[in-house]
Amino acid sequence: MINIKSSTLLKWCFSLFTIICIGHILAVITTFGLDNTEQNKSLLKTIFYFGYEKNITALFSAGLFILLGCYFRTIASNVTIHQKHWHLISYIAIFLACDEWFAIHDASLNIYGLGLFNIPIWVWVYGSLALILLLSSIRFLATIPSYLMKYLIISGFVYISGSAIMEVVTYSYKDTNSILENIGWFFEDGLEMSGTLIMITAASKWLKNQNIKIISFKKWPTIIIILISLTDLIMSFFLTN
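Under this note's numbering, the first residue of the sequence shown carries the number 40, and numbering increases by one thereafter.
Hints may contain errors.
[As the list claims (entries may be wrong)] What follows is a set of in silico ranges between Cβ atoms, one per label pair, in the way DEER data are often shown:
| hint | residue 1 | residue 2 | range |
| --- | --- | --- | --- |
| 1 | Ser167 | Asp74 | 38 to 46 angstroms |
| 2 | Ile263 | Leu172 | 39 to 47 angstroms |
| 3 | Val208 | Ile143 | 19 to 27 angstroms |
These are computed hints drawn from the structure, not numbers from a lab.
Each residue gets a CB set at the ideal place from its N, CA and C atoms; glycine is no exception.
Starting from the given sequences, assemble the full structure and let the hints guide the process.
This is the structure we're talking about:
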């Protein structure tokens with residue numbers, strides 16, 4: 040097993056989040072006004088730009104979901120009620136990690152374009168599934184501590200503001216030299232990652248209150264996931280550049 044202090048994980052997460060945000064902003068500043076061909080030659084933009092797939096930013100965002108899933112599984116192993124529900128939402132977090140990295144919603148649902156009220160079809164589908172999950176989780180939510188509920192509400196609001204609301208706003212954006220559109224893309228992904236970080240912070244606080252300071256990861260699955268992710272990242276970089 041690989042054992043890491045929860046407080047250390049949080050420091051890494053917030054430090055990396057800060058670096059990635061700075062990297063994205065620098066990428067926008069240094070390539071602003073250039074044509075698309077010149078922009079695509081920028082290493083900073085390739086690595087950090089929020090609007091791109093299969094880069095460091097996307098890997099970090101997916102990694103946050105995997106980490107959140109691990110936190111939920113740790114909680115599940117330390118509670119006496121609703122263990123199945125904690126396991127369920129840990130699996131959902133893992134799915135969202137896969138969706139973030141492999142762009143599942145883009146490949147399977149984005150092809151259908153806009154739906155009712157000019158909202159992307161994938162937002163309608165994911166929103167409906169989220170509503171079903173919420174309604175089926177009422178009994179579960181009633182048992183969690185009030186502070187955890189507050190964090191959950193805040194993180195959910197922040198995440199949805201980025202993943203759904205800002206997605207609707209930026210759906211038709213194409214001009215990478217527009218300040219307004221770049222601000223929209225920044226908030227879209229930035230709010231998603233912030234929402235996930237808030238929920239990780241809440242889970243960490245719950246574990247701390249239970250005097251659980253260590254998060255354990257199975258050694259070989261962790262190594263395999265890291266190697267596959269890095270291999271995919273490197274291959275994607277060379278195939279698209």
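Status of each hint after checking the structure:
Between serine 167 and aspartate 74 the beta carbon distance is about 40 angstroms. The supplied range of 38 to 46 angstroms therefore holds. One distance hint, 39 to 47 angstroms for the beta-carbon pair isoleucine 263 and leucine 172, is violated here, with the actual separation near 29 angstroms. A C-beta distance of roughly 22 angstroms is found between valine 208 and isoleucine 143, which places it inside the suggested range of 19 to 27 angstroms.
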